[in-house]
Structures are given as C-alpha cells and as structure tokens.
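Q: One letter stands for each residue in the lines below.
Protein chains: 2
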Amino acid sequence: MNQLFLLASRPDGVPEPANFQLVEAPVPELAEGQVLLENHYLSVDPYMRGRISTAKSYAKPVELGEVMTGTGVGRVAASRHERFVAGDIAVGLTGWQRYAVVDGSQLRKFDAALVPISTALGVLGMPGLTAYFGLTDVCAARPGETVMVSGAAGAVGSYVGQMARILGCRVVGSAGGPEKVRHVLEDLGFEGAFDYKGTSDLNGVLKGLCPNGIDCYFDNTGGAVTDAVFRRINTGARIAICGQIASYNAVAEDYGPRIFRTLLVKQARVQGFLVNQYKDRYREAYPKIGEWLRSGSLTYRETIVEGFEKMPEAFIGLFSGQNLGKMLVKVV
Amino acid sequence: MNQLFLLASRPDGVPEPANFQLVEAPVPELAEGQVLLENHYLSVDPYMRGRISTAKSYAKPVELGEVMTGTGVGRVAASRHERFVAGDIAVGLTGWQRYAVVDGSQLRKFDAALVPISTALGVLGMPGLTAYFGLTDVCAARPGETVMVSGAAGAVGSYVGQMARILGCRVVGSAGGPEKVRHVLEDLGFEGAFDYKGTSDLNGVLKGLCPNGIDCYFDNTGGAVTDAVFRRINTGARIAICGQIASYNAVAEDYGPRIFRTLLVKQARVQGFLVNQYKDRYREAYPKIGEWLRSGSLTYRETIVEGFEKMPEAFIGLFSGQNLGKMLVKVV
Numbered sequence: 519m520n521q522l523f524l525l526a527s528r529p530d531g532v533p534e535p536a537n538f539q540l541v542e543a544p545v546p547e548l549a550e551g552q553v554l555l556e557n558h559y560l561s562v563d564p565y566m567r568g569r570i571s572t573a574k575s576y577a578k579p580v581e582l583g584e585v586m587t588g589t590g591v592g593r594v595a596a597s598r599h600e601r602f603v604a605g606d607i608a609v610g611l612t613g614w615q616r617y618a619v620v621d622g623s624q625l626r627k628f629d630a631a632l633v634p635i636s637t638a639l640g641v642l643g644m645p646g647l648t649a650y651f652g653l654t655d656v657c658a659a660r661p662g663e664t665v666m667v668s669g670a671a672g673a674v675g676s677y678v679g680q681m682a683r684i685l686g687c688r689v690v691g692s693a694g695g696p697e698k699v700r701h702v703l704e705d706l707g708f709e710g711a712f713d714y715k716g717t718s719d720l721n722g723v724l725k726g727l728c729p730n731g732i733d734c735y736f737d738n739t740g741g742a743v744t745d746a747v748f749r750r751i752n753t754g755a756r757i758a759i760c761g762q763i764a765s766y767n768a769v770a771e772d773y774g775p776r777i778f779r780t781l782l783v784k785q786a787r788v789q790g791f792l793v794n795q796y797k798d799r800y801r802e803a804y805p806k807i808g809e810w811l812r813s814g815s816l817t818y819r820e821t822i823v824e825g826f827e828k829m830p831e832a833f834i835g836l837f838s839g840q841n842l843g844k845m846l847v848k849v850v
Numbered sequence: 519m520n521q522l523f524l525l526a527s528r529p530d531g532v533p534e535p536a537n538f539q540l541v542e543a544p545v546p547e548l549a550e551g552q553v554l555l556e557n558h559y560l561s562v563d564p565y566m567r568g569r570i571s572t573a574k575s576y577a578k579p580v581e582l583g584e585v586m587t588g589t590g591v592g593r594v595a596a597s598r599h600e601r602f603v604a605g606d607i608a609v610g611l612t613g614w615q616r617y618a619v620v621d622g623s624q625l626r627k628f629d630a631a632l633v634p635i636s637t638a639l640g641v642l643g644m645p646g647l648t649a650y651f652g653l654t655d656v657c658a659a660r661p662g663e664t665v666m667v668s669g670a671a672g673a674v675g676s677y678v679g680q681m682a683r684i685l686g687c688r689v690v691g692s693a694g695g696p697e698k699v700r701h702v703l704e705d706l707g708f709e710g711a712f713d714y715k716g717t718s719d720l721n722g723v724l725k726g727l728c729p730n731g732i733d734c735y736f737d738n739t740g741g742a743v744t745d746a747v748f749r750r751i752n753t754g755a756r757i758a759i760c761g762q763i764a765s766y767n768a769v770a771e772d773y774g775p776r777i778f779r780t781l782l783v784k785q786a787r788v789q790g791f792l793v794n795q796y797k798d799r800y801r802e803a804y805p806k807i808g809e810w811l812r813s814g815s816l817t818y819r820e821t822i823v824e825g826f827e828k829m830p831e832a833f834i835g836l837f838s839g840q841n842l843g844k845m846l847v848k849v850v
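Residue numbers (the working numbering), protein chains in the order written: chain A, 519 to 850; chain B, 519 to 850.
Because the hints were derived from the structure by calculation, they are not lab data. Keep in mind that this is a model prediction, so the values were computed, not measured. Treat each hint with caution, since some may be false.
A pair counts as met if it fits within one copy or between any two copies, since identical chains are not told apart.
Keeping only pairs whose Cα atoms sit at most 35 Å apart, straight-line, the calculated DSBU-like set for lysine-lysine is [stated by the list, open to error]: (1) 848 to 806; (2) 715 to 574; (3) 725 to 578; (4) 627 to 725.
Full structure from sequences and hints, please.
A: So this is what it looks like as structure tokens:
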C-alpha cells in the first residue's frame, strides 16, 4: 500500500496538521511512458503555502481532497519510459507520497555519484537554481557590491550569500535567532549578519553593517527587514523578490511604507521572479554550482525530519524558522 | 537690470509664494565661453519640489538664497562661445531669471523653424524625452498591450499615452476632473480614462477599463491610483516610476499596501528612472518625436502663465493640477 497526504482543509493563517490527511491507497499500475518512483526525500518549501490558498497566484491551487503538491527524489522502482530503468535515481513533482507514478518526461535523472541524493532538492535543485538566477540575473550582482540577503540561514538565502561571496561581493544577511546568525557568519562566510527577531532598531543595524549602502537585495522574507533595506539602497540598486514568508500567513492586507519615491530617487529596480522563468538556462547553472560544491567554496546545510508521517510538521516548521538550510523529510 | 527668484525658505508641505523672493540684480559680464540668454519661456515641473527640500534625492538641493533652479528657452542676447551668436534660440538650465549667463557647453541650440520655441521645454524637451524612454525602454511597451498612465493630462502623461497609442498599445489614463478626462479621451485618443478625484471605487473602475489587466504602468502620480493599478497588473508587467506628485508635499511617511507579494506572484518589475540616465540616447528620440509631431499623430497642450513674476504661482499650481499639458511661464 502507498501512503499519501491529501489537502483536507485550507488554513486560515498559519497551517495546522489537521489541514492535511494521511491516507493509504494501492499503488496504481503504470501506463506506457510512466515511471514508479519510490521517494527517499521529500521537499517542504515556503512556496507551498500559496498552493493551499485560494488567493490568486502564479499556479492553480491544490484542490481539497487532492494529493498535496511537492518535489521528491528517490529510486525508480519500475519504469515504462525508455529513459529510465529500475534503480535509477530521479527527481520530480511527485506530491507528498511514498510512491508516485510520474510521467517519465517530467522526471529528471540525478547523478548521485558525487553528492548525496538529497541535494537534488536543495543546492542542486530548485532552491539552488533560484539562488543562482536571482543573484546573477535579477540582481545582476557585480564584484565589490554590497549584497543583502534576508532569510540568510534558509536554503535559498544561504546559497545566495555564498554565491555572492564567490562572485566577489560583500555579503550581509538577516536571520532569526543567534544560532542562525552565528551559522551565517562562521559557516557561510557572510561579512555581516543580524538577528531580526532580536533587533528593535533595524535601520541602525543595517546602517552599521552596510556603511556604503546596499546595491543588491535578495528578499526571501519581506516584512520589517525589507522596509528597512529600502532606506539603505544605493543609486541603481536591484532588488529581487524571491519570497515573502513573513506575509504568507497574513489574514489582512499587508501595509507598510510605500517604496515608489525611493525607487525614483535611487533609480532602482524591484523585480519579482520565479525560477521556472529560467528553465531554458538551467543547464548553464548546474555545472557552476557543481564546481563550487566540489571546490568547497559552496557548502550547504540540511534540516532533515525523519518519517513520512511528519510531512505536515516539517512544512509548518518553516514558518517559525525551524530549519537551518534546506528543510527535508526523509521517507523512512 | 535682471530679475530673478531666490529660494527664500523651504516649504513645509505645499509650497507657498513666500518661499520664493523676487530680486533685481545687474546682468553679469560674460566670461570667455559664456552666453547671455534672454528667456522667453521658463518651465515649472513637479521635480522642482524635490530640489527645494533637504530630503535626500538624486541631486543636491537648491540652497537658501540661491537662484531657483529650472530650464528656460529664449534668444541669445550676447555670446562669447564659438557655437552661439546673438539671435540664436537656445535652451538650458538657466534658473528662474529673465536673463541668464550660461556656459555655452551646457546650452542646446533649438531649431524653431517648424515648431514654437516653447516645445523645447515640453514635447521636444525633457518631458518628451522622459515619456519616450520611460515608455519604450523602462516599460518596454509592445503592440497590443494595455498601458495605463497616471497624470494623463499632464505634460509627460499626455505624451506617454499618445506615444503608446502610436506604438499600437491600448491606452488608459487617470486625470483630475471631468474636463481633463474629456481632453484625454477626445483630444489625445486614449481608449479609456477616469477622474481619480471623482471615483470612490478605483478598483472597480480599473477593472472595467482594463478587462484584460495592465501590462505596463507609467506612473506620474503615485497615491491611491497606483495602489489600485497593482491589483490589476498582468504576469510579466513592467512599471515605470517617473513621478510621485501625490506625495511630494507629504510631511509624514507615506504608507500603503505592500506590493512585494504582487510582484512575486506576477513576476513583475518596478523601476524608478530619471531621463538623464538616457542622455547618450537623446539623439535617437528627437527625430522620432519630431516625425510624430509633423504627421499630427502626436499633439500637445500648454498651459501658459504670463508674466515672470508669476513663476511661484505657476509652480504651486502644479500640485493642485492647474495645468493641462505642459505648464509654462511666458516671460513678458
């Protein structure tokens, strides 16, 4: 029997375990072109909050009673697709289930010879690509510039900061709590970092950490940190909006300082982006990220929750910052 | 004797006539390389509000007791610069004065054979270039797209809307009052327009006028119109922030709905710009604008206040929307 999580109800604010229902079902027969994947790791990501809401977004929401959406990596258990044989390691949009029947054309083979397969969901997966294109294309960061990253201890943020350092930028980040700040400074090599939860004077802290202003801002969180960053941006600044986790669970409209006057005075640009805008260029990113991993200049952390039944718990933990680096569930 | 306006005090909120002091002074002798320009028209523009404030901006503020900054066009009365002779028509940053001594290298000769010289301050000057580059480069408007313009009856807005129409876009605009709305629809050929002052349901009005959403937004005003536009933008929308006249006189911080989540969901871009970012490309714009004027596809209006002594009045009138098209002072 397979196990899977259905969307049982829509959250009103922060998601709760009861929004997801664990059910058992037989594994379907494979049709021609399909592959049966046995998930080893499943990803939980902030973007999933949008998929379980009916608010307008870039993708249609998961319907009540449908399998919860998400990406998994694992071993091919059976294949009726010419590119896959049993035993291959592959990654794809499997949903929250132990076994998934996926169209082979939607599955990517993953070379796990040199790296753990879990990286297919992190630094060598969607979050790594998001960091790479957001930093190099949306922010268009240049050597010597100051790059600020919110959510710096999360998956995307931790990659962005390190990639910016590799590109010769001066990197500053925000994170939630002293242990994350320590990690960002000592393990990831940021030049500056601050605990947004423990700071009452965000403007003062940013001024101290970014004495020459901010040229690029990679925003994973939104909220008060983002408002403060706009007070420190330089002429010609580029701001990439990648995530707004601070407001994903908001029940009222989100108000704050209007940024238009600042954009005008600073001739600055703010751009929201999704990684799949870059799908024609993924091939250029993988070898670069791989090279940085091999050389040791890029490292990664994972927060691994063990047990398929803990999927909802792991997902909900994202919103209180339970993760250092990539949050994953190991399907045991 | 020359007459000139000095900045006497800084406004707190909306500027008042007493912020400017009319004084008389002898016309200085010309040094080598200088030109004496007798102004025929002087421009008043919303951007000048920023120059008389001490708030951080892209240019240093006018100091108290200094000549008020601004552009004028007129006749060369005397020249010690090789490119100019008495009788030439020229335009430059003269400040608010009847006679200005200007470095010849900072003056642009203006060909008034086919067009009135006042156009050097409007459609064939800074506002025209602002419209052209903001629309074609910052917004990157494409045929068939819906372009929304705020301040559509003002100088820049009226050019933007007509240029967008010429480029094959569907154009909608906002303006203050029924007469301006009539002008925008009947004289300028917008497909839709609304009176933002007479509208309580901006969201509903925009929905009706832009049934297919908004692809490009050229913002001259900011305020509630801009907030409503963000609720209607399409995926991949481009927003050019050119002016924020609604908040130039604000004394408190400007609050409104945060736009970051919308930018993310819509993969949209907002960019503040100044026309002088494009100074290396002015030459490509002039012939196009001139061609549109000659063919009659682009028209312009001017609101001309007569009398040099009325400079402050004309300037202050911008903030209550006294102008249709370009606001000018005729130096008589």
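Q: For the identical chains here, do residue 627 and residue 725 meet the 35 Å Cα criterion within one copy, between copies, both, or neither?
A: Neither. Shortest intra-copy (46 Å) and inter-copy (45 Å) distances fail the 35 Å Cα cut-off.
Q: When no copy is named, should residue 715 and residue 574 be tagged within, between, both, or neither for a Cα gap of at most 35 Å?
A: Both: 30 Å inside a chain and 29 Å across chains, each within 35 Å.
Q: Is it within a copy, between copies, both, or neither that the alpha carbon of residue 848 lies no farther than 35 Å from that of residue 806?
A: So residue 848 and residue 806 pass the 35 Å test inside one copy only (27 Å; across, 62 Å).
Q: I want to check one pair: residue 725 and residue 578. Are their C-alpha atoms no more than 35 Å apart within a copy, between two copies, both, or neither?
A: Between copies only: 22 Å across chains, 41 Å inside a chain, cut-off 35 Å.
Hint compliance for this structure: hint 4 is the single one not met.
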